[in-house]
Amino acid sequence: MTRITLGSAVLRGTVATALMASLMSTSALGAPPVDLSKWSPEYVRSIAGTQDFDTAADCAKVTPLDYKGRLTFWYQGVFEGDPDLLRQYYKDFFETFRKTYPNIQLEEQALTYNDLLDKFRTALLGNAAPMAVRLQILGGTEFASKGYLEPLKPEDVGYSTDDFWPGAMKAVTWEGVSYGIPTNNETMAFIWNADIFKRAGLDPDKAPATWDDVVKYSKQIHDKLGIAGYGLVARKNAGNTPYRFMPQLWAYGGGVFDEATANPTYEQVNLDSPQSKAALQASYDMYVRDKSVPVSALTNQQADNQPLFLAGQLGMMISHPSDYDVMLDLQKKATGADKDKAQTVIDNMRYGLIPTGPDGKRAVVFGGSNIHILKPEYVEGGKVDEPAAKAIICMWTSPEWSLKMAYAGSNPGNLNGFKTKWMKERLDNIKFLDVTTSMLPYGIPFPALPQAPEIMNIIVPDMLQNALTGAMTVDEAADDAAKRVRDLMGGL
Amino acid sequence: MMQPVGPEKIRFVQKKQRHATVTIVTCKAEARRRLQPGRSGVLGKIWKHRADYAYVLPAIAVMLVVIAYPIYYTIELSFFKTPPGLQLRDKTFIGFDNYATILTSELFWRVTWNTLVWTLGSTLIAFVLGFATALALHREFVGRSLLRAILIIPWVISAVAASYIWKWIYHSDFGIIGAVLVGLGLADRPPNFIDSVSTVLPSLIVVNIWREFPFAMIMMMAGLQTVPEQLLRAARVDGASAWQRFWHVTFPHLRNVSTVTILLLAVANFNSFIIPWIMTGGGPSNASHIWITHIYELAFGRQRWGVASAYSVLLFLTLMTLGYFYVRALSGNERQEGSP
Numbered sequence: 001m002t003r004i005t006l007g008s009a010v011l012r013g014t015v016a017t018a019l020m021a022s023l024m025s026t027s028a029l030g031a032p033p034v035d036l037s038k039w040s041p042e043y044v045r046s047i048a049g050t051q052d053f054d055t056a057a058d059c060a061k062v063t064p065l066d067y068k069g070r071l072t073f074w075y076q077g078v079f080e081g082d083p084d085l086l087r088q089y090y091k092d093f094f095e096t097f098r099k100t101y102p103n104i105q106l107e108e109q110a111l112t113y114n115d116l117l118d119k120f121r122t123a124l125l126g127n128a129a130p131m132a133v134r135l136q137i138l139g140g141t142e143f144a145s146k147g148y149l150e151p152l153k154p155e156d157v158g159y160s161t162d163d164f165w166p167g168a169m170k171a172v173t174w175e176g177v178s179y180g181i182p183t184n185n186e187t188m189a190f191i192w193n194a195d196i197f198k199r200a201g202l203d204p205d206k207a208p209a210t211w212d213d214v215v216k217y218s219k220q221i222h223d224k225l226g227i228a229g230y231g232l233v234a235r236k237n238a239g240n241t242p243y244r245f246m247p248q249l250w251a252y253g254g255g256v257f258d259e260a261t262a263n264p265t266y267e268q269v270n271l272d273s274p275q276s277k278a279a280l281q282a283s284y285d286m287y288v289r290d291k292s293v294p295v296s297a298l299t300n301q302q303a304d305n306q307p308l309f310l311a312g313q314l315g316m317m318i319s320h321p322s323d324y325d326v327m328l329d330l331q332k333k334a335t336g337a338d339k340d341k342a343q344t345v346i347d348n349m350r351y352g353l354i355p356t357g358p359d360g361k362r363a364v365v366f367g368g369s370n371i372h373i374l375k376p377e378y379v380e381g382g383k384v385d386e387p388a389a390k391a392i393i394c395m396w397t398s399p400e401w402s403l404k405m406a407y408a409g410s411n412p413g414n415l416n417g418f419k420t421k422w423m424k425e426r427l428d429n430i431k432f433l434d435v436t437t438s439m440l441p442y443g444i445p446f447p448a449l450p451q452a453p454e455i456m457n458i459i460v461p462d463m464l465q466n467a468l469t470g471a472m473t474v475d476e477a478a479d480d481a482a483k484r485v486r487d488l489m490g491g492l
Numbered sequence: 001m002m003q004p005v006g007p008e009k010i011r012f013v014q015k016k017q018r019h020a021t022v023t024i025v026t027c028k029a030e031a032r033r034r035l036q037p038g039r040s041g042v043l044g045k046i047w048k049h050r051a052d053y054a055y056v057l058p059a060i061a062v063m064l065v066v067i068a069y070p071i072y073y074t075i076e077l078s079f080f081k082t083p084p085g086l087q088l089r090d091k092t093f094i095g096f097d098n099y100a101t102i103l104t105s106e107l108f109w110r111v112t113w114n115t116l117v118w119t120l121g122s123t124l125i126a127f128v129l130g131f132a133t134a135l136a137l138h139r140e141f142v143g144r145s146l147l148r149a150i151l152i153i154p155w156v157i158s159a160v161a162a163s164y165i166w167k168w169i170y171h172s173d174f175g176i177i178g179a180v181l182v183g184l185g186l187a188d189r190p191p192n193f194i195d196s197v198s199t200v201l202p203s204l205i206v207v208n209i210w211r212e213f214p215f216a217m218i219m220m221m222a223g224l225q226t227v228p229e230q231l232l233r234a235a236r237v238d239g240a241s242a243w244q245r246f247w248h249v250t251f252p253h254l255r256n257v258s259t260v261t262i263l264l265l266a267v268a269n270f271n272s273f274i275i276p277w278i279m280t281g282g283g284p285s286n287a288s289h290i291w292i293t294h295i296y297e298l299a300f301g302r303q304r305w306g307v308a309s310a311y312s313v314l315l316f317l318t319l320m321t322l323g324y325f326y327v328r329a330l331s332g333n334e335r336q337e338g339s340p
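These protein sequence lines map, in sequence, to chains G and S.
Take the first sequence: its letters are residues 1 to 492, numbered as in the UniProt record's numbering.
Take the second sequence: its letters are residues 1 to 340, numbered as in the UniProt record's numbering.
Think of the hints as simulated: they come from the structure by calculation, not from any bench.
A hint or two may mislead.
Stretch by stretch, here's where chain S covers chain G in the computed footprint (C-beta under 8 Å, at least three residues) [as the list claims (entries may be wrong)]:
1. 118-130
2. 140-153
3. 445-455
Predicted model, so just to flag it, every value in this text is computed and none were measured.
The C-beta atom is built at its ideal place from N, Cα and C for all residues, glycine as well.
With the rest of the complex left out, here is chain G (with noise of 0.2 Å):
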């Protein structure tokens, strides 16, 4: 059933693969380890399992096993929305790393993706940052255009840039250096409760094909069932908003600038665009007319939608395939009849690509994050231990690793990890992986500019909550916007 959704989807994303070519540099072209031309899940399925990797013996070409030295490290770890299985992975990636590098005195630091930056950025302004840093892929550019990185790139670490996704290292590179190398990729998926769609009236089988059809659903759920229909996501400062908000502004041929397009430029600003304003009405119909989506979402976050959906309460969201094991780890929670409750939601659980726009545009966040090294002068102490920050991030963008750390809920940063051993468990395991790996052709990075943290977490935010709370109208809210975008980029 959803193998048909996925079929068809991915024969009319054909289109996409040209796309996907903006999402590589010229260079990338060269020989990628695996062949992103071919994309689908069966070509995906093909190259698993298909060699071996000595992570240990890469690492130690690129520092000695037997090294002595320290490393501070801050990193964007598991929080409240990611399954258990990912929590272990994590436990055991620092455990084999203090195994491998038992002379390394690693004192590491998980951060949540919500307090990483303003703790970071705070820190630096102390000379008080770690050597080495693993930040969302929205952060690289920043710290980067303002000096804090020093130049990182895949060869530093025993690898080569054709072994990552070429949109990944755009978001590491800034006036043509690199400054980070990416360990993970995502791009999530839509997912829909059957059983309610068929309560509903619509077809159980059947992702909404297009964001007019998500708010059409949306308000046949709720007027049928009197539940929430689509799990709209509008927090401000949450990474949660922009990944959720601008699949569908970008479906609808709208953007903050060109960066959906092949060769963005970033010079025009485009908040204000009657496409971007169509994706925006579309939210604040569903948020203000229908009243179909959770009125919580002013300040819900993803992890306020997964109990929701898992107490049938919600029809559709879009996350990724991990929260499959995070519904399977919630429903281990609940007790009596909740725990039943639980388990029909789950069995009803269907995984599709996300709608497209009017013109048959589909888009999706090509998100992710990336592993930097700091210069010495804003670290605290003044000295960065750069063979034993390169042993970790080795290790972390290893094949192996960067596959495992991603196991549950994204992609391994490292192509090479598709062929890995670890994919071919992994795609049997995690439910609706397909799904996902069939987006990342769709997938749009975010603007590679220093400005796109306050733009994706606060100004598009602002925007959204401008637009549905009445505080102004979908026009004013646009216009203010872009505005704000405008005002950014010119220095104020």
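Chain G is already provided as a structure; the job is to place chain S on it using the hints.
Only chain S this time, still in chain G's reference frame:
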């Protein structure tokens, strides 16, 4: 005939002797001061109390590092432009432009209004509620100690934990209040507490009052212990009603402790960050932004360090004004206690 010398008379003489001793010491110090040329006025006073200053020097040194320098640096930074795309060291001097930017911003006045509503609403209601509870608990009754302990719980709970709990209590789809109201048939759908621009601030104020009223209660209970019981008894004998006894005897004795409590609550509320930030992040649509959360967003979310510093200076001046009244109220207390 000789008058018998009672214990009171003896105490009086001892007291007088003590005063005399103090006078002698003071005269000696004065004589020393006069003998040392060039040490007059403030310097002379400092020299005279040099031992005292030596004792407080470590504390002053710490305060200079952790309080005075950040204040100086914030004031300095408030005169610089710090574009988000640059490092802080690349700042440029722009005089009072940051202050002008703030004062001409429509959002500033909206946030200021929110701050006033938040501070006054939280402070006054928490005080009145705390005072009323203190009066109720001042009487002897069975279970008074237990009730007092229960009422202190909101104050001792971590503000972070309380914010998350209240967020779920208020949740517009899954909240306990909404479920109860819908369950009892009092509402068709859960009320919207924190996702609406019109109800978010009052909803947050309720949480803040819930957290703060035990503090007011404790302060006022302490104050009530100081009201002389014989005065209340005398007033009762004179036929004063309960209200008259409260208004003419109890309340005048609590004036100073009330002032101090209100000022402490007001300062805490001006600076109150945790509840609004965790529950709403200042939203929706800036409807629950108060000065402190707005400053945080400007600095750490938008990296406008200069503007955020200017904002902080304004907040600092406001709090210093409140601090001045607080110190004055304390001095009033001391004068009153020290007066014959």
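Mind checking, does the region 140-153 of chain G have 3 or more residues with a CB under 8 Å from chain S? The restraint on the region 140-153 of chain G holds, since 4 of its residues have a Cβ under 8 Å from chain S and three suffice.
Within the assertion that chain S covers the region 118-130 of chain G, do at least three residues meet a Cβ-to-Cβ distance smaller than 8 Å? With 4 residues closer than 8 Å to chain S, the region 118-130 of chain G meets the three-residue bar; holds.
Verdict on chain S covering the region 445-455 of chain G, criterion of 3 CB contacts below 8 Å: Three-residue rule met by the region 445-455 of chain G, so holds; n is 3.
Violated hints are absent here; each numbered hint is respected by the structure.
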